[in-house]
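Undergrad: Sequence:
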Amino acid sequence: MDKPVLRFLRQGGAYAADFVDRCLDLIDWLALPNRSSLDPTDLGLPRRIVDEALRLAELAELAELDLTSVRAARYSSATYGGGRSQGSAGPGRDDDCDEAGLPSVRAERPQIRIDPYNNGVVLWLPPVGEAPDGRAVWTVTADAVVNRVRTQSIWPGGAETVFPLNRPVRSIDVRLDDSPLRYEVPLVDKDDPLLVFAEDGVAVGPGESLPSGPVWLLHPRPEEFAGQDLQTTGHAPRELADVPPPYGWTGWLLRHVDLTAVTAIGYAARLRPVHTARRAYLELSAPHRDATTMLGAPVLSVPPRLSLSVEDTPVSWAVRVRRPSALETLSGQDITVGDDGPEDLHDGGEIAGAGRDGLDVRWVDPWVGLPRPLLGAYEITVRGPLGRGLTRTVELAEGLVVHSDPPWREMGPGGLAPAGMTVRWASDGAGVGHPAVSPKRIALRGHEVAAHVTVSVHGHSRQLLVSAPHMAVRRVVPGARSTWSYQPLRLHAETDARGELLVQIPAAMHAELVVRVGDRELQRVRPTRDRQAMVARFDLARLADTVAAHRRAVVDVDLDGVWIPVISYSPRRLASGVQIDPIGAEPIEVEPIEEESGRTTRAEALRAHGFAGITGVVAGCYQLCAPWRPPVRVELDASGGAAPLPAELHDAGPLLVMLRLDDPWVPVDWPDWPDPRDRDDVYLLRDRSWQPPPEAMGSTAAEVGLSAYLAGRGGPPRFPGAADAALRLYRVAEDLRRLGIPRDARPAAAALLAVDPAAASTGGWTTWGGCWRRWDAPVTRSSSSTVCGPCSRTTRGRAIPGIDGSPPSPRPASAWCTSSTTSGSSRAWSPPTTGCGSAGDAAPSPR
Numbered sequence: 000m001d002k003p004v005l006r007f008l009r010q011g012g013a014y015a016a017d018f019v020d021r022c023l024d025l026i027d028w029l030a031l032p033n034r035s036s037l038d039p040t041d042l043g044l045p046r047r048i049v050d051e052a053l054r055l056a057e058l059a060e061l062a063e064l065d066l067t068s069v070r071a072a073r074y075s076s077a078t079y080g081g082g083r084s085q086g087s088a089g090p091g092r093d094d095d096c097d098e099a100g101l102p103s104v105r106a107e108r109p110q111i112r113i114d115p116y117n118n119g120v121v122l123w124l125p126p127v128g129e130a131p132d133g134r135a136v137w138t139v140t141a142d143a144v145v146n147r148v149r150t151q152s153i154w155p156g157g158a159e160t161v162f163p164l165n166r167p168v169r170s171i172d173v174r175l176d177d178s179p180l181r182y183e184v185p186l187v188d189k190d191d192p193l194l195v196f197a198e199d200g201v202a203v204g205p206g207e208s209l210p211s212g213p214v215w216l217l218h219p220r221p222e223e224f225a226g227q228d229l230q231t232t233g234h235a236p237r238e239l240a241d242v243p244p245p246y247g248w249t250g251w252l253l254r255h256v257d258l259t260a261v262t263a264i265g266y267a268a269r270l271r272p273v274h275t276a277r278r279a280y281l282e283l284s285a286p287h288r289d290a291t292t293m294l295g296a297p298v299l300s301v302p303p304r305l306s307l308s309v310e311d312t313p314v315s316w317a318v319r320v321r322r323p324s325a326l327e328t329l330s331g332q333d334i335t336v337g338d339d340g341p342e343d344l345h346d347g348g349e350i351a352g353a354g355r356d357g358l359d360v361r362w363v364d365p366w367v368g369l370p371r372p373l374l375g376a377y378e379i380t381v382r383g384p385l386g387r388g389l390t391r392t393v394e395l396a397e398g399l400v401v402h403s404d405p406p407w408r409e410m411g412p413g414g415l416a417p418a419g420m421t422v423r424w425a426s427d428g429a430g431v432g433h434p435a436v437s438p439k440r441i442a443l444r445g446h447e448v449a450a451h452v453t454v455s456v457h458g459h460s461r462q463l464l465v466s467a468p469h470m471a472v473r474r475v476v477p478g479a480r481s482t483w484s485y486q487p488l489r490l491h492a493e494t495d496a497r498g499e500l501l502v503q504i505p506a507a508m509h510a511e512l513v514v515r516v517g518d519r520e521l522q523r524v525r526p527t528r529d530r531q532a533m534v535a536r537f538d539l540a541r542l543a544d545t546v547a548a549h550r551r552a553v554v555d556v557d558l559d560g561v562w563i564p565v566i567s568y569s570p571r572r573l574a575s576g577v578q579i580d581p582i583g584a585e586p587i588e589v590e591p592i593e594e595e596s597g598r599t600t601r602a603e604a605l606r607a608h609g610f611a612g613i614t615g616v617v618a619g620c621y622q623l624c625a626p627w628r629p630p631v632r633v634e635l636d637a638s639g640g641a642a643p644l645p646a647e648l649h650d651a652g653p654l655l656v657m658l659r660l661d662d663p664w665v666p667v668d669w670p671d672w673p674d675p676r677d678r679d680d681v682y683l684l685r686d687r688s689w690q691p692p693p694e695a696m697g698s699t700a701a702e703v704g705l706s707a708y709l710a711g712r713g714g715p716p717r718f719p720g721a722a723d724a725a726l727r728l729y730r731v732a733e734d735l736r737r738l739g740i741p742r743d744a745r746p747a748a749a750a751l752l753a754v755d756p757a758a759a760s761t762g763g764w765t766t767w768g769g770c771w772r773r774w775d776a777p778v779t780r781s782s783s784s785t786v787c788g789p790c791s792r793t794t795r796g797r798a799i800p801g802i803d804g805s806p807p808s809p810r811p812a813s814a815w816c817t818s819s820t821t822s823g824s825s826r827a828w829s830p831p832t833t834g835c836g837s838a839g840d841a842a843p844s845p846r
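Each residue of the sequence shown is one higher than the one before, counting from 0 in numbering that gives the first Met the number 0.
Just so you know, these hints were derived from the structure itself, not from any lab. Computed from a predicted model, the values in this text were never measured in an experiment. One should not assume that every hint holds.
Said to hold, decoys possible - Cβ-Cβ distance ranges computed for the label pairs, FRET-style:
#1 S638 - R181: 57 to 63 Å
#2 L180 - M0: 42 to 48 Å
#3 M0 - D172: 21 to 27 Å
#4 P477 - R371: 46 to 52 Å
#5 L738 - D518: 39 to 45 Å
#6 A543 - G615: 19 to 25 Å
Even for Gly, the Cβ is constructed at its ideal location relative to N, Cα and C.
Sequences and hints are given; from them, build the entire structure.
TA: Now the structure itself:
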């Protein structure tokens, strides 16, 4: 590239961006099947550039080159409220959807944004359409700290994926796993640390001229930058809001200012020009509060209007509306705006008035001639003098109404309060174009934040995410990525009383944190700023001493007298170990138990040593020889950390004991099985013998036989009536092996399923390639080979991991399938010796 051209592109600011945008419009024109329908001179490009483009297009056609790839790259950065030169938040392209109406997204570039009242400075990570459900894993490296970030799904409830940047860094290295895509995203220049963000939160590049109007400025305080402060030419910027700096950006200032009267701003050596020529301006309404695209991009229910400045000499403007990445124009207007009074008004809806800067403008309706209501993504292109036009993509659902009951979902121990939602068009289906919504009524349960609906009008359909206004909490810590929680946070008193707590509240209202133990109030904490907003921010360090002193506390948010729990603090470790002692070893008063059989069981006590000495600690005892049974809960005495061992556990074999606080204010269900990755307060009692339980314990003969097999006392049972136990057993088989159970649980589970196919079918098993697996087992795809989780069978084309979502384990000695193929090679396996889902054995009927 010639040096003058390179300098123009790098330093030309809005003029260069507008020029490149017109060249891209020219490429679109070249792709039209009937080029004579439009005049390329309307683009305002020099004739020599148009002629050269025509010549290159002819050469490209002769060489069978495809200009569509160039054109496609242009739309990888179209977004609501943002120009192409700035990048994108997401697609919204009507013709880039799959058969289900979900967006098929190419990997877009990550970009820096600011969310001043929520996440602060963030790295936005795009979804990847080629990945399952739009999920992908990005490796983000900032200041030698490596983070792996998984993008959210495009399905309902999937949120926009952002990585908070909780401290200034020079640059961020972003790499998409299993892909050559890699980006170096600059952030803070040590010689010019001013960061500027447009009104929509997207960072303005250092080579671009700054927009005239509201922007966000983030820069160090003068004392943090060798005494240097920002300088301006023209008038000083008008301060719009007093906003605290993002968390972790200590010594920095975040300012919301209006640059309308400013001609340049920056540090002395690098003043950045403000685009002073009055540009076309698209006035966007507030995004729909309760609806977004499937990728979380904003949706407008009121179409925006266009303002064109009135000047001393007439200025001609061309306004075009079309679908993004489409060639056909849906609406077009040619308007001349001057200072000649109302006689120059166009039939397209021009109205004289004052603009946002107080100067005269003409308000123009760009939607003239389009069928209403408007639905989907629209690209608005305004061409005028070079450097003064705009290209914006907006997502519209004009007149969409979402009503929720209750209007605000409070947060509780089980998640959000259930809500019912009604979605409709303002015309209620009776308007022109047959507007419709499916489904019209939605019920959201506690764990559901959003649901998807299909809206349609004029034969055009769009899938949207709808949600009811709801509460949420989030803890922000420098260097750590966090997400919103829809139930109270469970934190450790020793390590988690730091950072900031963000609370979504129903309105801009006063909120305070209340620290209490039981019904006793200990402390109140005010927000970091008295400024009322929809997200309240609290400094957790202010309650650290109180939490450390009591080790167990509940933190509520007080919303004008309504207290809602947001945090439950407890010690990180409740004990250093557990053991079972005979009653005579320590003074615990327990009477020996005499069973109906006439035998007397020994009296034992479960004891925690190194006990934290707090009330409400419960031990959940899981039986390794009966992992399908729920945990037996034993509440420990606060003074000694001990309690009598229930009779059903005396001869139950090895136990896995999980200690935790049962808080009546923040109740949480016990897991079916402890997470093997949880090393805190989960203890193994290995040296415990197993004996058959008495009939009064309620176990079936098949379950007793299965327990005996796991204890090493018999072969696999083949009695019906234990299909559910077999299904639960399979899920924890690998854990049992690691914990020392002498028998492989998988053949035993297969044997029980084989003799009870009807029960196994209702349990949700199905076939794949001649073997059996849970119908809801997760599936991942691979280009090389496939492994079935239950049997580790390998074939070509796709992979099915283990039922519990873990990677497939090594093939067990007793095979479930009779053949295996990996990358074209094969070898035979001998049929299993016990009942399973292989050929030749009875197996569950497919679902």
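Undergrad: Hint compliance check: list the failing hint numbers for this structure, sorted ascending.
TA: 2
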